[in-house]
Amino acid sequence: MEVSLSPLSFSKNSNETRDSFQSLDDHIFLFVLVPLRGSLVDIHPNAKWNNNGQTVAGQNPSLSKPQGLYVDDNQTVYVADYGNHRIVAWKSAETNGQVVVGEHGQGNDAHQLDKPTDVIVDKERDSLIICDRGNKRVVRWPRQNGTSGETIISNISCVALTMDENGSLYATDWDKDEVRRYRMGESQGTVVAGGNGQGHNLNQLNLPSYIFVDREHSVFVSDFYNHRVMKWIEGAKIGSVVASGQGQENYRTQLRYPKGVLVDQLGTVYVADEHNHRIIRWAKKAKEGNVIVGGDGYGAQANQLYLPKGLSFDRHGNLYVVDQGNNRVQRFTIEMPSN
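The sequence shown begins at 1 in the numbering used here and counts up by one.
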């Protein structure tokens, strides 16, 4: 979770304001907590995104089966390049990416990765945190002149990561069908979703994939084989279904192998509906979703996706999608309503 600054104005007619903030010209900066991969701006419930995406990563160097991504404040895109066993970064508006982790090929040494599935940036420690799934570990890698990583979690079949504003790390585990939270200094962590064996009950998951943690520390999980997105309120023993389906094709009431998941300030869920090759927006308490990106069959055109994986907003609300089948990352520009 990131801390961002947004200006808040006070009326000059207020004596309290004038006395307290005169030296600041009656302005104060309000700290706004923005969940990791969330949007700094509030997203209008009727917002749309341009149907044609722009390729922002994957051209040079090429990607192989990319999975998770992270977009930083400067709109640099970090991609978990699964098939090439590396992390690649593309700076905003640049066509050439840079390999930042994994230059030495596949392996299990401290300077190598094996099938990485996700990456995030820990700004406080100026480091990357990576799901090194093939090696069953989570590693921390310095962003500045890093030549090797440090294992911070072992024996985990990690698919996705996120972090809250306290620095607690959250990771999914396919082998254990659970999500764990690791507070600073912890090595074992605490189960915050699932952990009751593989299944479809409300206290279970079946291959939990991507996760999102909101401002209240509720955990949203794409429950891959159950074709649903689950929400666990902090401290809850069971979850609730916030977007669901039976694995069928195309219907707006259905999801088919969900992957990346985001949540906006209204509690609207955005999910990569992988095998339907589209991104669906599911409003809070809605019984069906709305397609916002893709949905025109799978393909490589600018308005198509092919097996979408990771998702992220940037600070402006633009949507980034890992388009795995096309080995690219697409950015879809937000178009806010005028009213």
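Each hint should be verified, as a subset may be incorrect.
To be verified - Subject to a maximum C-alpha distance of 30 Å in a straight line, what follows is the list of computed DSSO-like cross-link-like pairs (lysine-lysine):
| # | residue 1 | residue 2 |
| --- | --- | --- |
| 1 | K176 | K65 |
| 2 | K231 | K123 |
| 3 | K91 | K176 |
| 4 | K231 | K284 |
| 5 | K284 | K176 |
| 6 | K136 | K65 |
| 7 | K115 | K136 |
| 8 | K287 | K231 |
| 9 | K237 | K136 |
If you are wondering where the hints come from, they were derived from the structure by calculation, not from laboratory data.
Computed from a predicted model, the values in this text were never measured in an experiment.
Tell me the hint numbers this structure goes against, listed in increasing order.
The structure breaks only hint 3.
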